[in-house]
Amino acid sequence: MMVVAGAAAFAQKITVSGYITDAKSGESLIGAGVIYNNPVQGAPLVGAVSNNYGYYTLSLPAGERSVTWSFLGYADHIETLFLSRDTVINVRLEPSASIKEAVVTARKEAGLNSTNTGALEVPQSVLETMPALFGEKDVLKSLQFLPGVQGGSTGSSGIYVRGGGPDENLILLDDIPLYGVNHMFGIFSVFTPEAVKKVTLFKGSFPARYGGRLSSVIDVRTNDGNDKEFHGLVSVGMLSDRLHLEGPIVKGTTTFSMSGRVLHSFLFAPVLRYFDVPANYYFYDLNGKIAHKFSNGDRLIASVYHGRDRFLVKYDDDYSYNYDDYNHRGADSDVVRRENTNINVDWGNTVGALRWNHAFGSKLFANTTLAYNHYEMDVDLTYLDYSKENGIETQQKMDVTYDSGINDIDFKMDFDYNPVPEHLIKFGAEYIHHDFRPQTATFSEKETVGKETLMDTTMNMSSGGKLIGHEVSLYIEDDFVIGQRLSFNPGLHLGYFRTQGKDYFSPQPRFSGRLDIGGGVSFKASYARMSQYVHLLASTDISLPTDLWVPITKDIKPETADQFSLGTYWDAGHGWEFSLEGYYKKMDNILEYKDGMSVLITSSGWEDKVAMGQGRAYGMELFIQKKTGNTTGWLGYTLAKSERRFPDGSINRGEWFPFKYDRRHDISLVVNHRFNDRIDISGSWKFFTGGVTTLTTREFTVVDVNYNQREADYVSSRGNYRLPPTHNLNIGVNFHKKKRRGERIWNISLYNVYNNMNPDFVYKENTAEYDPATYSVIREGVRVKKITVLPLLPSFSYTRKF
Amino acid sequence: MILAAAFVSVSCENIVEEIWSSDNEAILVLNAQLKQDDTSHRIFVNCSSGGRSEVVKDAEVSVSVNGAAPVAGVPLAYSRDYNGYTFEFFDGYEVTMALSPGDKVDVKAMWNSLSASASIDVPEACGLITAVDTAMIIVPAAGEDGHDYRSRQYSIAVQDRSGEKNYYMLSFQETFYRISPTGEILAQITNEGAFDSSADHLLHPVESSILDDILGDDNRYNIFTDESFDGASWTLKVTDATYGLYDENWVMFWDDFQAGDYYSMDRVIKVYTLTFEEYVYLKSIMAANNDLGFMTEPVIYAENVDGGLGFVTAMTPSAYTIKFPAEPYAGEIPINAYRYVEKWIYTDSEVPEE
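From first to last, the protein sequence lines stand for chains A and B.
Counting the first sequence from 1 gives a position; the numbering used here is that position plus 112.
Counting the second sequence from 1 gives a position; the numbering used here is that position plus 82.
Derived from the structure by calculation, the hints contain no laboratory data.
Just so it is clear, CB atoms sit at the ideal spot from N, CA and C, and this is done for glycine as well.
If you want the footprint, here are the derived chain A segments under chain B, 3+ residues with CB under 8 Å:
no. : segment
1   : 764–773
2   : 802–808
3   : 812–822
4   : 895–901
In silico lysine-lysine, DSS-like type, Cα no more than 25 Å apart, as pairs:
no. : chain 1 : residue 1 : chain 2 : residue 2
5   : A       : K666      : B       : K319
6   : B       : K247      : A       : K669
7   : A       : K524      : A       : K614
To list a few chain A residues with every Cβ distance to chain B over 10 Å, as calculated:
no. : residue
8   : P151
9   : A174
10  : L239
11  : R420
12  : T506
13  : D522
14  : H535
15  : G540
16  : L734
17  : D789
One chain only, chain A, in its complex shape (with noise of 0.2 Å):
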C-alpha cells in the first residue's frame, strides 16, 4: 500500500497521537506509518511516522475518521475513530509475515521514500541473517555492505563514507556520540547485535539535528525491553559468548534490557596462566537499559554501555643458582636473581544516559537527554629486577605509564512540534562539555643496593595537559508536504565551539527535496554543510589504543564539508527498490599528516604536525533491493574519487593526490532467502578497488641551503601505487528450530569462501638479486608484499532464544 502525505484543509483539526509498539515485547516501533484512510478518491492523504522513541502525532479533521498503522513485519491494525478533541491512541502492532509497507512519504526518514538523500535502513533481519566472519554478526560491517560505505582492511569494521576518513562518522549509540568504536584493531565493533533494534546511515543530506561529524551520521538505537514477559538469548561463537535479558520489572510500565559479550579467551585466563603463557587479551560489552513509563505522555529512560579492550602480560623469570649447582633455583640459592614484568593495556568507552521523554499536549513532543561520555586508554608496564648475593640485596624497578582520555558531558533537548499535517518541525539544543586529555606519561626508575638508593627519579610528560571544548549546537528543519507530489526539509544547524580562548561559528544550513511524478518515481536532490570539531590521530590503517582523539585548537580550524547530492528513484513494487545517485563533496580545512609525520610514538605537537588541506570526492552509488519475501538482498555499486591538497605545501608538493582510501569501484552483493521456518541462507560478495600507497622509486641527492648533500628517498607523489583489489565471497547458513519456549538457530558461516588472496595488509620491504658465484648484487629493488590474514575461514555459532 502506497500512500502519499499531502495537504489538507480541514475546518476543525484534532490530534491523534501515542506510542506505536510491537504487540509481543512492547518495544517501540522507530518509523511506524500512521495513515488517514480518506474515502474521497483522489483526495490529499495524510499521514505520520513514530519518532525515535515511537511516537507519532497525526492532525485528522473531526468526526469519524478511519486510521491504519502499520509497520514493515507487522500487520496493519486499522481502527475507525469518532474524533472530537485531541485523543492519546498508543497502537501495538501484531508481528506478521505480510510484505505489505504503509509509506508515507514524507515523513520517512531514510529508504526510498525519505526527503533525504543517501539515507539508508540496515534491516534488523538482514543484519540477523548476513554470513559473517568468526560468525560475529556486526553492526558496522553490515553497512559497508551499503553503496557508498567502503571498509578498511578486511575483516575490520573501519567505515569510510563517500571519500571521507574514518573519523568523519558520527556514530550514535541512543543519540550519544562513541568516540571508540571497535574491539580487537578493528575487526569487531562495539556494538552487540541483540542489544540494536534500528541502525541508520546517513551519507548525503543529513538532517538538521545532527552535526559534528562530515562525512555520515550512523544513528544507532537499542532496545527499551520487553514490557510483557522475560526473555533472552545465549550465545556461543567461535570467539565470543553473548548473552541478552530483557523483560518487565513492573509490567506495562518499567522493563529492562541488558546485554553483554565477552571474548572467550577472558574465560581462558587461569588455563593460559597454569601454562605459563605470559600474555592473554580479551574485550567485553555491556549494554543495560531501565525505561519506566510514567504517564502516556512521560516515559524516563536510563541506559549504560561499558566495553573494554584488554592486553595483559605478565611474565616471571627465576635465574637464581647455587654456586655448585647452576640449576637449583629458589629463594635459598646462593644468588638469587628473579625477574617479573606486568604490562597491562587497557582501553574503551563508559557511556551513561538518562531521557525523559514528556509529550506536551498532542503536538509537541519532547526529549530530554544528560549523558556522561567516558573514552580512556592506560598503560602500565613495571619491571622490577631483584637480586641477592652474599646477603647483599639489589634491586632495579621501572614503572612506566602512559593514559589519554576524553570526558565528555552531554546535555540536549529535542523537540517535535507538529502544528498542522504538512509540517513536521524539529527543533532543539545541545551543550557538549569535552575534556580531552590527549596524553601523559610518567616514567619512574629505582635502583637499590642493600639500603643505599643510587637513582630514584621520576620523569614526566605530558602533551599539554588538559583541553577543554565547548560545544553548542542548535538546530530546527522542517519536514513539509506541498500537495501530494512535493516534500522538503529545509533546516538550519547553528554550531559553535570554543577552546583555548577562541570561538569558532559555524552555521550549516541543509536543504533536501524530493520530486514524485507518480509511477513509483522520484527524484531527490539536497545540499548539506557539515562541521567537525574533533579529530582522530591515527597513523596506521589498523585501529589501535594509540590512536588519539584531538579537538580542533586555536590554529586548527573546523573541518568543513560541502555536499550536493542528486539522485533518481523508482520504487518497482513487489518491494524491489532501484536507486541512482550522484554526490559532489567539497571539505575544507581537512588534516593530513604532513610528508614525514607521525604520530605514533607522541601526540605532542601534533597540530605542527598536521597540515590543513582541501578535498574533494564525487561518485555515483547504483542500489537495486529487494525488501520483501522470502528473497530479500541489495545489490549496490559505487564509482567514486576522493583526493587531497595541502596548499602549503607540505605534502604532495601542494598537489592533488587521491586520499588513501580513494577506490573507483565497489561491488556489493547481498542475498538472504528463507526455504521455510528451519532453514536460512544468506550470501555477501564484495569487490573493491584497491587503496592507494607510495612507494620509493629510486635514490637521488638533495642539497641544503648550507650545500649539505644526502641521498634520499625519491617518491614521485603521494598514493603512487595502487594497490590490488579485494574480493571475497561469504555464505551463511541458519538452522532454526522451534522449542517449547524459544528457538534454537545452528549458525555455519564461510568467509571467503574460494579463498582469495585478498591484501588485508601490504608492507614494502628492500630487496636485492645477487650473483650466486660472487654475490654481488645483480639488481635491486622495492618488494611490495601482501598479507592475507583472512583467507577461507569456516566457522559456528549456536544460539538459544528464551
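Please build the complex by placing chain B on the supplied structure of chain A, with the hints as guidance.
Just chain B, lined up with the frame of chain A:
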C-alpha cells in the same frame, strides 16, 4: 595468545609485485641554492641510476643570466690531511657571478649523454629587516651540563610586503677578526649560521617534547611565512646557536691569537625571501629526519629540473649588520666573545674542572 596464534596460523604472505630500481634508467640530479647576495654559487650534479645516486665530478655545468653568455662551473675538488689521513672532497661546481632580483637564471648540466636544466627567477626581497636589538640573557640550568649560561638574544623586526604570500628564512653570516695592536686585520673567518629559535613562537609554534627532540629539531633552517603578519611588522626573538669556531683547515681559530691581539666580529643578520617551492623543499628535508619507516608518511621533495631530477632555486636577503667593538685578547680563549657562552655561572657546590 590463542587468538594471535590462530591469526598467524591462517595468514598468508604473498608478493604483489617486485619493482626493480636497478631497472631505472640513469638520470641526472641537478641541485643548486643560489644566494643573491653572494657571487660564489654552488651547483651539485649527481647521477641517479639503479638504486643509487652518485656524485658526478666531471660534468659540464653552466649558468646563464638573462640570456647572456653562460658561465662555466668549476669543480671544487680538494683533499685535506687530518691525523695522518688524506680525505678527498668534492663540493660541487662553483660558478662566480652576480645576481640581481628579477634575473632569469638558466642552469644546465651535461654528462655523457645525459643532460638536465632548470630555469628560475631570482626573487625580490619581500621582508625587510627594519631593526635589530640585542641583549645578554641568562639561561637557567636547562643548558648543557646542567649549568646556567649566558647567551645573546636578538630581537629582529621584519617588515613584510603586503598583498602577497611570502616565505622567509632567517640566518646570519658572521666574520670574526684577529686584529693587531695597530689595528691591522691579521686573520678573519666567516661562518654561515642559524640562530637557536626554539623560544620563538613563529619559528617554533608548538612546544616540543623530549621525544620530539630525539626525533630532531623541526625547524633548523628557521623558515617561516607571513601568514600571521601579512603586510605588517613582526619581531623574531632568537638566540645564538652553539657551534665552534674553526677555519677551513680545522684548526681552532683562537690558536693563532697572541697576547696583545684584539678580536672583533661583524654579524650580518639576513632574512632571505624564498620561493614557495624552496620553502616546501626545506620543509621536506627537515621532515625526512623523522623517518620511522612504515609509520611515517613519505617525504616528497619539490622538483623543477627538466630532463632530470632535483631542485634549483634562488633566494634574496634583506641584511642588517651589527659591528661588535674590538676587545683585547687576554691570553686565553675569551669567554666574552659575542658567542653563545659568555661565562659559565657555577653554583657554590660546583667546582669547574681544570
